[in-house]
Amino acid sequence: MNAAALREKGLAYLIVGPFALVLAFPFYVMVITAFKNGTEFYDSTATPYWFKHGPTWENVRFLFHNTPYTTWLKNTAIIGIAVVGITLVLAVPAGYALARLAGRVGQSLGVGIFLTYLVPPTLLFLPLYWVINTLHQQDTLLSLILVYPSFTVPFSTWLLMGFFKTIPQELEDAAQIDGASRLKTLVRVVFPISLPGILTVVIFSFSLVLNEFVYAFTFISSTGHRTLSTGVYTDLIRGDLPQWGAIMVAALIPSIPLALLYNAFLDRFIAGFTGGAFR
Amino acid sequence: MRAAVEAVAQARPRGRRWTDILERPVFLASVLISPAVIFIGALVAAPLGLAVWLSFTNATAGSLSGKYVGLHNFRTEWSNPQFKDAVWHTFLFTVFSQVVVLLVAGLLAHALLKDFRGKWLLRFLILLPWAAPLPLSLMGWKWIFDPSYSILDWTLVHLHISGPLTAPHFLATAKWAMASVIAVHAWRIIPFAVVIFLAGLASIPREVDDAAAIDGATGFRKFASVTLPLQLPIATVALLFGIVFTATDMAVVYILTQGGPPPSFSTEMVTTWSYKTGVESGSLGPGAAISLALLPVLAVVSIGMLLFAKRTEVT
Numbered sequence: 226m227n228a229a230a231l232r233e234k235g236l237a238y239l240i241v242g243p244f245a246l247v248l249a250f251p252f253y254v255m256v257i258t259a260f261k262n263g264t265e266f267y268d269s270t271a272t273p274y275w276f277k278h279g280p281t282w283e284n285v286r287f288l289f290h291n292t293p294y295t296t297w298l299k300n301t302a303i304i305g306i307a308v309v310g311i312t313l314v315l316a317v318p319a320g321y322a323l324a325r326l327a328g329r330v331g332q333s334l335g336v337g338i339f340l341t342y343l344v345p346p347t348l349l350f351l352p353l354y355w356v357i358n359t360l361h362q363q364d365t366l367l368s369l370i371l372v373y374p375s376f377t378v379p380f381s382t383w384l385l386m387g388f389f390k391t392i393p394q395e396l397e398d399a400a401q402i403d404g405a406s407r408l409k410t411l412v413r414v415v416f417p418i419s420l421p422g423i424l425t426v427v428i429f430s431f432s433l434v435l436n437e438f439v440y441a442f443t444f445i446s447s448t449g450h451r452t453l454s455t456g457v458y459t460d461l462i463r464g465d466l467p468q469w470g471a472i473m474v475a476a477l478i479p480s481i482p483l484a485l486l487y488n489a490f491l492d493r494f495i496a497g498f499t500g501g502a503f504r
Numbered sequence: 007m008r009a010a011v012e013a014v015a016q017a018r019p020r021g022r023r024w025t026d027i028l029e030r031p032v033f034l035a036s037v038l039i040s041p042a043v044i045f046i047g048a049l050v051a052a053p054l055g056l057a058v059w060l061s062f063t064n065a066t067a068g069s070l071s072g073k074y075v076g077l078h079n080f081r082t083e084w085s086n087p088q089f090k091d092a093v094w095h096t097f098l099f100t101v102f103s104q105v106v107v108l109l110v111a112g113l114l115a116h117a118l119l120k121d122f123r124g125k126w127l128l129r130f131l132i133l134l135p136w137a138a139p140l141p142l143s144l145m146g147w148k149w150i151f152d153p154s155y156s157i158l159d160w161t162l163v164h165l166h167i168s169g170p171l172t173a174p175h176f177l178a179t180a181k182w183a184m185a186s187v188i189a190v191h192a193w194r195i196i197p198f199a200v201v202i203f204l205a206g207l208a209s210i211p212r213e214v215d216d217a218a219a220i221d222g223a224t225g226f227r228k229f230a231s232v233t234l235p236l237q238l239p240i241a242t243v244a245l246l247f248g249i250v251f252t253a254t255d256m257a258v259v260y261i262l263t264q265g266g267p268p269p270s271f272s273t274e275m276v277t278t279w280s281y282k283t284g285v286e287s288g289s290l291g292p293g294a295a296i297s298l299a300l301l302p303v304l305a306v307v308s309i310g311m312l313l314f315a316k317r318t319e320v321t
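Protein chains in written order, with our numbering: chain A, 226 to 504; chain B, 7 to 321.
The hints are simulated quantities; they were obtained by calculation from the structure and are not laboratory data.
Some hints here could point you the wrong way.
[To be verified] Cβ-Cβ distance ranges computed for the label pairs, FRET-style:
#1 A:S447 - B:G124: 43 to 53 Å
#2 A:I303 - B:K181: 37 to 47 Å
#3 A:L360 - B:H164: 53 to 63 Å
#4 A:L360 - B:H78: 19 to 29 Å
#5 B:S85 - A:P421: 48 to 58 Å
#6 A:H290 - B:V101: 44 to 54 Å
Ideal Cβ placement from N, Cα and C applies to all residues, glycine included.
So here's chain B without its partners, still in its complex pose:
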């Protein structure tokens, strides 16, 4: 078929030159691709470079053209306990929420593989946290955690689990605030992981199941030695996305706690600390230096994604 097309193209009488050039796949491809590539270069690659450059300057929101100060910003932040705390909090936030996500999503995806009445409704309910716009659904959480009239506290008090005066202040005490942002972020990512898991499970051929059944593998054995290994690659993809989404999130943490509560600032993350330094205090240079702490996460996840892309190309 291809050859025939080429032959027809060859035989066609020569027209104007520019239309001829457009018939060449490589040329046409570059014409079609380059606007997108140039745009992405200008709005992602260039700002990334600019972030690195800014981190070596003392630029402020007031005086945009800062002076080169070498490693000064990095040295300052490196010895700043607030920065170290932010890195540690980001680590905890990411690890704990992702552990919850993987466990719950794995369980849900397996249960959702079976057909049962009302499944579409349950699937829709499960998907809601991911499908609704996050900055808006966080308004619901803000109200659920409200210090004076939290529905959670009301429930705890009415079930006599806690007294009216000892009910937890979710966003106002150090430990509860961290637990709350972890829970809310897990809540947000679980649906995403569920649908990715489901796609992965659906791709496992039926024959594998049958073969396992013939070999007498059932229940947990089958899960551990057949389903799990086959599901591992797709679980990794969900995890890689989850890590990026969580470590680089600012909406959940900022809207719920603004990095607080004071004085411990137990939910101050790399993102909120970079925002406070760069925008609220106007120190663009140091702010950019802080945000670069996210680069290693991005690098690791990108490499993971590339390995996965390679693997699926081969198989």
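The following block holds chain A by itself, in its conformation from the complex:
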């Protein structure tokens, strides 16, 4: 290897390394804090970067025994599964039709649907709060199940539209020549090979549900109906004496698997955000 190439590589490390450490720093602090002994938090002789008395499972035990964390996990799972179901039922057929059947109109309609993803919850939460109150659904899981697809469906439809375009048309033509109806072709041929796209939508929708704060914070008022995204903040942080160790465990448990999944499906998300223009 010549000197110039070596210097370029060194430069890459020099730029990427420090930034990666800074960006990941909060997660390092979270992991250390999660396994720290409770007495060390306010002990100025203990370094916050490491353990003084060694790691402990005490915070994990506290989280699961002394807080409603399992209830929030359950609520989040129920809402997540319901939202993913609704999203797939609405977005898979729409994404397919926009990619295949609707031609140029489909492209414009697809862009239109995508733009609705940009309409933020902070613009819609008050009218939807009004609707939820009028329907007497305040403080129910149903209110969130109903509202969350408003941002998962537009993005998923757009993502799937791009995905279906990458599936060769010949496959469907062959099925139809063999006498299958369009609907049958869709169910028997198209959906099975779309599994990776559908999986992407599942992960993305779940991630959006876990990221959502405004609706959950506005609609839900009782501890028993909270989700992870608001419960940890409202009930564990705003309490009298925050149990920082347990709070970090609470934050890390859903974050780690989601981050790994997200990383694995990254390329598909990018294609979604850039409209597949840079594949």
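Dock chain B against the given chain A, drawing on the hints supplied.
Positioned in the frame of chain A, the structure of chain B alone reads:
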């Protein structure tokens, strides 16, 4: 191929009528698309209209059917210093965090184009802030900024940069609070911008590089006159997303500062002010009027996105 399919479809003996209709692409398309469109209409378009209607009423959480009050809510907010502050803070928050995002993400994306050992690990670390759920990772920041035992203050004190009593109170002083929410939001958006930049850079054909090399363009010259212009469209897309995500964010600001610290409320944004007015004080009408201040941002970004979509269609 298409013609053959059509011919086969024509030749097929006529079955029951409804299955026939399902074979027509336009009909089948509308059947498949309309549930999604109706749902989005009911949960995005209609509430948007409802927000506009609410902003002309004095509806409260207690009495949902408010009376029409004309422009009253808008006039009140227009002359309300808290609202003006909120708009100004939102502007600062958005501009400063996006400048940081573009600079850092641009630098990182270029460095990540090269292949080196351990790149996947560094990429994973860089991606973490975007991949982890924000309301939960903010718990980490809340602890990092903790007034009594901030790890940042501990470090500053131990490096003798600041004394134990003069260490900054990150979320409790006006300037530091604003700097903190800007930094945290930039932290959140940087990974997103990096991956978008990388997608854009990867799409620049190798031939362009070679041509530039033959013409003798290297280093900064090449960057300024070849790479940058080619990267501009994708940078714009990242910026447009970043603007929407930042200007309309409530989680970062609310969880970290709740719009505070008092008495200056230096991080009160349009979103938190609208939440406080509409939900905490229960004045739905005025709250909706405040939130409509986000519409111009949304309009500008949407137009930008449409222009980009048009451009990629042509090329």
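Checklist entry - Does the Cβ-Cβ separation between A:S447 and B:G124 fall within 43 to 53 Å? => result holds (47 Å)
Checklist entry - Are A:H290 and B:V101 spaced within 44 to 54 Å by their CB atoms? => result With Cβ atoms ~46 Å apart, the hint holds.
Checklist entry - Does 53 to 63 Å hold as the CB distance between A:L360 and B:H164, or does it fail? => result Hint holds: Cβ distance 56 Å, inside 53 to 63 Å.
Item to check | Outcome of range test on Cβ distance (A:I303, B:K181; 37 to 47 Å) | outcome: holds (43 Å)
Checklist entry - Per the hint of 48 to 58 Å, is the separation of the Cβ atoms of B:S85 and A:P421 within bounds? => result holds (55 Å)
Next on the checklist: Within 19 to 29 Å: is that where the Cβ-Cβ distance between A:L360 and B:H78 falls?
Outcome noted: At 27 Å between Cβs, range holds.
In summary, the structure agrees with every hint in the numbered list given earlier.
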